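Chains as they are written, first to last, in our numbering: chain A, 119 to 314; chain B, 700 to 1660.
No wet-lab data here; the hints were simulated from the structure. Every value quoted in this text rests on a predicted model; they were computed, and no experiment measured them. Relax, there's no trap hidden among the hints.
Taking lysine to any residue and the SDA-like style, the derived pairs with C-alpha atoms no more than 20 angstroms apart in a straight line are: (1) A:K192 / A:D282; (2) A:K163 / B:D1563; (3) A:K265 / B:V789; (4) A:K163 / B:R1598; (5) B:K772 / B:P1253; (6) B:K831 / B:L1616; (7) B:K1456 / B:D1402; (8) A:K233 / A:F217; (9) B:K1414 / B:A1439; (10) A:K276 / B:T1327; (11) B:K1495 / B:D1476; (12) B:K1354 / B:R1295; (13) B:K1521 / B:E1658; (14) B:K957 / A:R297; (15) A:K265 / B:K772; (16) A:K202 / A:A183; (17) B:K1570 / B:E1594; (18) A:K163 / B:N1571; (19) A:K163 / B:P1561; (20) A:K163 / B:E974; (21) B:K769 / A:E263; (22) A:K265 / B:F800; (23) B:K1141 / B:A1126; (24) A:K276 / B:K1322; (25) A:K163 / B:G1597; (26) A:K265 / A:L125; (27) A:K163 / B:R977; (28) A:K192 / A:A262; (29) A:K163 / B:G1599; (30) A:K163 / B:D973; (31) A:K276 / B:E797; (32) B:K1413 / B:A1437; (33) B:K1017 / B:A1006; (34) B:K957 / A:V294; (35) A:K163 / B:K1565; (36) A:K276 / B:G955; (37) A:K233 / A:A179.
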Amino acid sequence: MARMKFLLDAERCIECNACVTACKNEHEVPWGINRRRVVTINDGKPGERSISMACMHCTDAPCMAVCPVDCFYKTADGIVLHSKDLCIGCGYCFYACPFGAPQYPQAGNFGSRGKMDKCTFCAGGPEQDNSEAEFRKYGRNRIAEGKLPLCAEMCSTKALLAGDGEVIAGIYRDRVVNRGYGSGAWGWATAYPSGT
Amino acid sequence: MLTKRTKIASGGTRLAKALIGVSGGAMDRRTFLRRSGIAAGGMTAASALPFGMVQKAESATPAAGAGEVKLIKNICTHCSVGCTVTAEVVNGVWIGQEPSFDSPFNLGAHCAKGASIREHAHGERRLKYPMKLVNGRYERISWDQAINEIGDKLLEIREKSGPDSVYWLGSAKHSNEQAYLFRKFAAFWGTNNVDHQARICHSTTVAGVGQTFGYGAMTNSLNDIHNARAMFLIGSNPAEAHPVGVMHLLKAKENGAKLIVCDPRFTRTAAHADEHVRFRPGTDVALIWGILWHIFENGWEDKEYIARRVYGMDEIRKEVAKWTPEETERVTGVPGEQLRRVARTLRDNRPFTIVWCMGATQHHQANNNVRAYCVLGLAMGTIGVSGGGTNILRGHDNVQGATDMGVEPVTLPAYYGLTEAAWRHWARVWGVSYDYMVSRFKDKKLMETPGIPESRWFDGVLEAKENLEQPDHVRAMIFWGHAPNSQTRGPDIKKAMEKVDLMVVVDPYPTASAVIPDRKEGIYLLPAATQLETDGSRTATNRSLQWGYQIFKPIFEAKPDHEIMYLLARKLGFADEMFKNIKVNGTVPVPEDILRELNRGALTIGYSGQSPERLKLHMAHQKDFDRTTLKATSGPCAGEYYGLPWPCWGYAQHKHPGTPNLYDTSKEVRDGGLNFRAAFGVEYKGQSLLADGVYPKGAEIQDGHPQFTYGLLKKLGWDKDLTEEERRTIEEIGGDNADAVAWSYDLSAGIIRVAIKHGCAPFGNGRARAHVWNFPDPVPLHREPLYAPDRQLVAKYPTYADKRQYRLPVLYKSIQDKDFSKDFPIILTSGRLVEYEGGGDETRSNPWLAELQQHMFIEVNPADAKRIGVKNMDDVWVFGPENNAKIRVKALVTERVGRGVAWMPFHFAGHWMGKDLRSKYPQGADPIVLGESTNTVQTYGYDSVTAMQETKTTLCRIEKA
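Sequences and hints are given; from them, build the entire structure.
Structure, rendered in C-alpha cells:
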C-alpha cells in the first residue's frame, strides 16, 4: 500500500503561491482559511528560501493524539482526515500541530471558532466519496478520482511533490544527484558553511 | 487556555514564529502582508465577501448529478509563457480545473494566477452591463444606446476635428484575431493614433533587437533554455513575472548551467542564482560594457563568428575600451572583480542565453540597453544557436501577438510600416481599393506619419495645439483593454482624462479609468468578455501560436471584443468594407475567418502558415511534442514545432514546421533553420552587410545574399520553379515593375516557396548589426537618467538634447539640467508581484489572489529607513518630483533593495494621493484590493527611438505619514 506524502524541494520553490490558490480553487476555500501557505525565511537576503506548508499527514499525528472527541482517522494510504460532524472546534489540534495546519473559520460575532478545517490531501472526508455532502464539508476528493493533490500537480516549478512516498523520494533523489557533487551538491553550503 | 481567543490568520503558528527567529527578527514580505491583512482594510474586504462562491460551486458539483464533464482547453490570460488551462465544464458551468500535463510549455504547472483563473467565471466584481456616467454616477444602459451614443459622438468629433482626434488604445489582452481586427479598425477609421501595452513593455526590445538581428522577438524559447550552459538575466524577475518559466530555468540549472542575475534588487529569482550582480538602476549599458571590457581585454570573444556574421564590432570595441573596471564601478557600483568573474563564467559556459524584461526596457535610453545585451551575445557567438539567443520574455499573454498584428502607431500588421507600398499591400488583402483607404484619412501625409504613442496619449490632449503635428487635440480616448495606472505621470493623465470630450472603457473590469478623473459625464463603460469566454489564437513569448477554446459563454452582458468592434464599425459606417472577407454570425465575426485573412497578408514574419486548422491540431496533440526541442516526434503533427513559432513560411499548404530558434544555421530553412536577416542593405560605407560564408544547412547560395525578389529569382534562373498562377499573381501585384516585387509582398507566396526550395531564407542572408547607424546612438552609450542622483556623472554622461518625436515635442536635457537630487534623495524603481498582473484590476478583483496581497507598499533599505525614521509597516508618504505628486503606502523595510534605492509594485490603483476612490466605482464592480499607484509619482522620460516610458529610474522622497 502506498504511503502518501508531501515533499517540498526548497531549491525549487519560488514562493509563487500557486499551491495556495490551486487549493482555494479546487475546494472553494473561503477568505481567511488557508489550508496551505508559503513561508519564506531570510526574506530579501542571500540564503532566502521558501517552503510551502500544509498538513503533513504525520505517521504519529499529534492532532490525533490530543483530539478529545477522536474525530481524526487515518486512511490506508496514510492520509490524516477528520470528521467535521464530530469536531467541536476546541482547537487542541492547533496547539499540538507543529505545522500550523488546522484552520478555524470565524463563525460568529465574537470570533468563536467553527469546525476545524485543514488540508485533506485532496481526499475528502468520511462521507461517501464525491458526494455533495463531502464536497460541502471538505472539498473535492481527487484521491477517489485517482488523482493527486492539485497543489502539487500545479506547482509552477515542480517544487512541491505529492504522492506515494517511495515515488516522490525517487524523483527527489534523482534531482539531488543531478545537482552534482562537491560544492554543487544540495546542502553542501549547510554542511560546510565556510564554502570550502 | 482554551477560552482565550487566538488570531489564527495572523500566522501565529509555531512554525512561522520559529522561522521569524531564524531570519533574525526581520519581517518577511509574506508575514508583513499577512499581518497587515489583519488591519482594517483586510477585514473590510473579508466581510465584503459572502460565502456565495462556495454555494455557487456546490450546486454545480458533478456529484450533484449534473451532466457529462467536458474538458476544454484554453490559454492562461496572465502572462506570455502560454500555460494551457484545462477546464472541467458541466452544462456550461466551469466547475473545476485540471493540470495540463500535455502542454510542453507548462507541463501541468501554474502560478498563483493560473491556478486561480477559474474565478473569472464567478466574476463577482466584473463590469456587468454597459454603463454611462450620469451626473457623477454610473448608470446601467443598453448596448444599443451605448453604441449609438458613442458612435454619434465619435462621428461629431471626426466631423469637427478629423479622425486623428480619436485615440484607439488597444490591448495585449486581445487574441491575434481581435488585435488584427483592432488595427484594421483604426485604419478604416482613418488614423494612426492606435497603440497598445507593447509601447510601455518591450517596444525598445522590438526596435533594438529588430534593428540588430532582423526580427524584434525572443529568439529561442523557454524550453530551449534546457540546453543552455549559463543563463544571464538582466532586469528580469521570472520568479514573480513568469513563474512557470522558472521551471525551465531550474531544469537547466540542475543540468549544471550557471544562473547569473543582474538586478538592482535581490529578487526572488536572484535568491536561486549562482551570482547576483546588484547594480545602480539605469546603468545597464555601463554594466555590459564593463563585462565586455574583460572579454575583449583577454581575447575571449568569438573572433570567427564576429568576422563572418557581425557588422560594426570594431566601433563597439572603441567604446568598451573606456569602461575600465574602475570607471564601471564608479558608474554602476559593481566591483571589477565580480564582473571579471561573470565574464569568465560566460566564457566557460557557452552557449549562454540572455534574458531580459522590463527592468531593461523601461528607460529613456532603453534601446541602447537592449542593443548592448545583443552585442554581448554576438561577441561571444551565442546568437542563433540552441541554448543561446536572446530570450526576451514578453509580459501579457498576447503582447507578442498584438505587437505582430501592428497595434501600433508606426506600422500596419506584421511590421510592414506605413509606406504607400504597405498600405497598398494590405488594401489588396482586405479587398478594398487603395484610394478608399486614403479617403478615410485626413490626408496621405497623415496616413504615412506615425501616430502618437500610448505612453504619451495624454500629451496629445494637453500639449499646445501649435506643437502638435496633427490638426487638433486628441478629443476622444478609447481604452480598449488597458489599465491607465500602468503609465507614468499620473497627475497629467488625470488632467487629460478630465479634458477630453469622451472616454470609452471597453474591458471586463471598470479599471482605474472609471475612477481617476473627476468628471460628471462623458464616460462609457462597456463590458468585454475575457479570452476564456471566446475562441481565438494567442502568441506566447517564444512566437508559438496556441488556439484557445471558449470555456464558458460571456457572463452578464459581456460581449467578445471582436463583436464590439463589429457593432461599432457598423455604427460608424464601414462594416461592409471592413468585413468583406470575414463571415459575421449575427453580430459576431468568426475568429477563424479573421485568422485566415491575416494569414494571407502577414508574410514578412511568417504569420502565414498558422491556419486555424493547424493550430487546433496542435492543441489536440500537445502530448506529441518534445519538451525541449518542441518538435512533434509522432502523431499527425510529426516534424512540426509546437504552435508553429513564426516565421512559419508560406501558407498552410506549404507545411512549414515553424522556426523554433531564430538565425540557427544548423537546420535547413524548410526545417526551421535561418540566418540573420539582410534588412539593412548590402553594404554601408564600404563594408559588407552580407554574411561571409555562413548559411543555413543545405542552402544553395553558400554565402550572404540580399532578400529575394522576382528579379533576383530571374537572375538565378529559379523563376522557372514558379507555377503559372504564382507568376501571374506576382506580375499583377508588380504591374510595370514586377521584378521589384519582394517575397513579403507576393500574395502567392511563390517567391518564398522557391527560395526555401533552394534552401535559402526568403529575407536574405545578412550580418547582425552591432552598430545601428540609423539610431540616435549607433553604438549604445551610457546616459544618466533624467532624474539623476549624481551631478558629476551627469556632466560626463549627459542625456540627449530636447527634440520632436511622434507628432510631439519630447524633453531630455531641460529636465536633466535641473538638480532634483537634494530634495528627492532616493532612487525609485518599480516591478512585479507574482499574485497580480499589469494594472491589476482583474487580479485584485479575484479573492483567491487578493487575499495574498492586501496592501500597496514600498520597499526601503534598513539604513534609509533608519535615517528617515520609519519602521516596518509604518505608513509613509512617497513624494515625486513632478506635479506635487505624493502617495501614501506602507513601508516594508528590507535588504532586498540596496541603500538609496526604493522599490514599489505597479499593480495597484483606486487610491489617489491619500484618497480612497472606492465609492466612485460602479456598484459591485470595485476590485477587492485598492491602493496607490506607483505611477502617480513616476516621472517624465521617453526612449529616444520608441517613446518607451521611464519607470525604472526616477527620484523620490519618503517621509513618515
